[in-house]
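Chemist: If you use UniProt numbering, the sequence shown corresponds to residues 1 to 1019, in order.
Hints are computed from structural coordinates only; laboratory data are not their basis. Just so you know, not all the hints are guaranteed correct.
Stated by the list, open to error - The calculated lysine-lysine pairs, modelled on DSSO-like cross-linking and capped at a C-alpha distance of 27 Å, are:
| no. | residue 1 | residue 2 |
| --- | --- | --- |
| 1 | Lys810 | Lys838 |
| 2 | Lys418 | Lys384 |
| 3 | Lys41 | Lys102 |
| 4 | Lys692 | Lys810 |
| 5 | Lys19 | Lys41 |
| 6 | Lys883 | Lys582 |
| 7 | Lys270 | Lys102 |
| 8 | Lys384 | Lys370 |
| 9 | Lys348 | Lys418 |
| 10 | Lys144 | Lys370 |
| 11 | Lys953 | Lys384 |
| 12 | Lys348 | Lys384 |
| 13 | Lys391 | Lys348 |
| 14 | Lys838 | Lys716 |
| 15 | Lys391 | Lys418 |
| 16 | Lys102 | Lys391 |
| 17 | Lys144 | Lys102 |
| 18 | Lys804 | Lys838 |
What the hints assert, rightly or not - Each pair of labels, with its calculated beta carbon distance range:
| no. | residue 1 | residue 2 | range |
| --- | --- | --- | --- |
| 19 | Glu830 | Asp602 | 33 to 39 Å |
| 20 | Arg585 | Asp758 | 38 to 44 Å |
| 21 | Thr926 | Arg760 | 47 to 53 Å |
| 22 | Lys582 | Glu773 | 26 to 32 Å |
| 23 | Val656 | Lys582 | 22 to 28 Å |
| 24 | Gly458 | Asn796 | 42 to 48 Å |
| 25 | Glu696 | Asp758 | 33 to 39 Å |
| 26 | Thr809 | Arg585 | 29 to 35 Å |
| 27 | Ser61 | Asn229 | 37 to 43 Å |
Beta carbons are placed, not taken as given, at the ideal position from N, Cα and C, and that holds for glycine.
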Amino acid sequence: MSLLNTAITGLKAQQEALKTTGHNISNANTPGYSRQEVVLKTNDPQFRGFGFVGQGVDVNSVRRVTDQFMIEQQRADTSNFQRLDTYRANIEQVDRLLADEKTGLQPALDSFFASLQGGADNPAYIPSRDVVLGESAGLVDRFKTIHTYLTDQNESINSQVQAMVAQINSLAEGIATLNEEIVTAQGSPTQTPPNDLLDQRDELVRQLAEFVDVDVTVDNEQFNVSIGNGQGLVLAGDANRLEATGGVEDPQRFGVRFISQTENLFITDKLNNGKLAGLFEFRDQALDPAMNNLGRIGVALTQQMNSQHRQGIDLNGDFGQDFFQDLNDPDLAASGRAQPNSLNTPPKDQVISVYFEDPAALTNSDYTMKFTGPADNNYEIVRKNDGEVVKEGSLPADLPQSIEFDGLRVELENGTFKQGDSFTINPLRDIPSQMDLLLQEPAELAFAYPMRAETPSGNEGTGAIDQGQMLSRDSQFFSEEGDLDPPLLIQFDSPTRYSVYDNSDPGNPVPLEPPLQNIEFVPGASNTLFTSDPGETQVSSWRPRLPQDPTISQDGPATVPPYNGINTEQFTFSRTDPETGKVTRDPLITTETGASAADIADRLNQVDGVTARAYTEVQLSNFTNSGTPYDPDNPFEVWVNGHEITLDDLGPNQTVFMDGYPEEMPDELGPNFLADRINAHYDLQAAGIRAKSDGETLTITDQNGNDIFVEMRGDKPQPVIVGAPPVGGGPTNSQIDPGDTFEISTGERWSVEPVSGDTRGQLNNLTGFDFSEGGPYEYEMYLPDGRTGSITLTGNHATAEDVKAEIETKIQAQLDSPGRVEASITERGEIEYQIFMKVSGTGNDDTAGVNVGGQVDVTMADGISLTTRPEEGAILTGVPEAKSTYTGFQFEISGRPEAGDEFSIEWNEGGVSDNRNVLDLVGLETRDTVNNRDGGMTFTEAYSQAVEEIGTKTRQAQIQTDAAEGVLRAGEEELNSVRGVNLDEEAARLIEFQLAYNANSQVIRIAQETFDSLIAAFR
């Protein structure tokens, strides 16, 4: 090759280098552009005899200056940064919303409770009540406003997902197109790499990495791009597509579906990086918990406010209604709190409702209910935020079925459930949108308690009763609107014992049903009246039957008390597990014949969850004293538990009775004298025996439940006076001598229960009743020997006394032992009867006595029940089912009451200035009503925790985003240092290539001059 040709190859090579350098400079700011450079090669030399002579230069190729490892790292860093940055951008908005004083919930909560405190300061003041209603409406609006914003956030996520999926599909198509163009270019005659197309493809993949994490493999110079769990988005020249659609678990939450010719599946949970992953991570880890936390506070606030408000009464004296909308309304419970999976097996006919049972036990998590198999009815419920199985089991054959867990009750009401079906339970998400203020008028605010306590001015002790604590209106005492049924009387039998009576008839208080008698009181301490356990029940034994006849003791009082009427009995306590319903039985307890009520109570008190209270009561009435002065005239004498009460002429130094006792025997022995003597007797008082008299009846009580043995001696009743002339002379008494007698009773009143016939509540103590019309009037009653008796009333009676006479006659015929039946009619028109036994003097030194056993009241905690044997003849034979002792309120009595002191509890009539219930409403602000799993929180603490959680996550996101951005920028700088265009370097290359170009031009000029010289030489 000539010098000229050699120079021309150099000129062309430098010209290509200059063009490539100019191309670099032109694309210095083009995204993804890789610097290019011309690769030169030496032409093959030509052999001459003396050796090889060079033939110049040729352009081998134009190559990209890049680093594939750095490009791949850039994609990974890009995906990671975009995920974190997207998460950060969204969570910052929620953080500002919840923490800001103008948009957060806390200021509205503070204003709400402050208004309630203002109402408590002046409960009757209407403007104060108006403020409460206004702030209540404002609080509901704040819940709704926050919820609306968070819901809009979810809608924004859905929109962003749709937009991003469209961009991903566009990028995938672009990459597939470039794959084809690159292959086409590679197959051209030049077979040189299409550098600019390669850069464009790398840039599209980088842009794709902003949205999803990508995995790129190269096959025949074509990119295969996989996402998620290996789903091929781009395969050579083909692009599959994604679709944004409602999720299978929740149609309100958009997810991403991958669609190809062979696959159609959700890959939402398979996307781990990129903007899409950041959106889903924000939704799952921040948005949903924030909405659930807000909903949990809303449920707790609503249910606590409603529950407490319903315990009070309003200005009209009516019980309070729901303050806020009841979130357990059946329509709300069934309004999408359980979402079926879209892949469930048809038919999709399931009806599921979700109710809130215990707001304090609620978590801020959603749940998945899965029917796991192998049978269709096998299920498990998984808490999503920690994956724990909170409930599992099998559905019964018939629906509905209730399932309770974490403070929720899920009602599977109807439908078909198959193995593989699943349901998302998200009960809290939409709670704020369901909240509403129901009260409209200030008078509807229930600021007062429905009951109040009164202390008579005549009490002698220092005892005081507080104004009580309302627990629940769901008790028998509030069954009548506007009334406490029954009103109560607390009466102190001694400084250390009290009883509670039904005070419906203030002139004749009667024991409650079940009875609360002979309850221990600790003077000087605060003593709580009534239980706080709604499930507590009580069984009260019958009082033992009286004997057929009094026991006669020869020549004076008995040395050993006779049989007390109590037979052997077996007790079995059963316990029902509240979670499983499983029943277990305690070991059998057997008591002996003749055991005292105190002995029985001691045995039963050893049972966990059982409290037995024993006491014995004897009533003496209808006293008669011998009216004859004939000789012999025996004195009327009485003994109680071996202690003579009627001792006479004891002298000034006696030690039997306390000071102030009645010293002189009265002409006629009666209840008042005997009560005073018993209450002044040292030994009887030490034994816990007390007595009281109403002038007609002497009631003797052993507060510990030991037997009471009453003996008497005196004149024998005679139909005709016989014997010696009158003592000291006087006229002959031809009157019947009644003798020395009294009637004894245990005080037991047995109910006479109607079986058929309706008296419509017309039985009373003033008028008669016609049993011959509308009958038959059939009744059943428990008889003292353990049998069940029955009577039929048929008479047409003009007076109440005639009604009672028929009842007494027919019950009398049922008895297997002597005794007088006395019927009574209560204020409610119910029939009761009592049996009296007559005890008479013998007319000699012998005594007649009756030993009376006591009553046992057995109180059982929730879930405990009692059965006894034998079926007849024992003190608990035929006892009705255990009855609730729950009153729905409690009171405290303190100080030192005296015997006879009383307190009453009645309906709070006209209590417009009462603020007790509104103070309880105010107290909800500082009560732990939320999140018992973490020890319990107030509304404020729960909201603060929610704000802190979002704030902490926001700060972590900011830190992580800054770090990821730093890593991305450093990687990009390193990559750009390799492939980026440096204008200074390119300018230097221009000069270099220009010089080379000029030099080659000079060679050409020299070759031309040489050629010209040769031509001139031949001329």
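Chemist: Can you list which hints this structure breaks, lowest number first?
Modeler: 3, 4, 7, 10, 16, 22, 23 and 26
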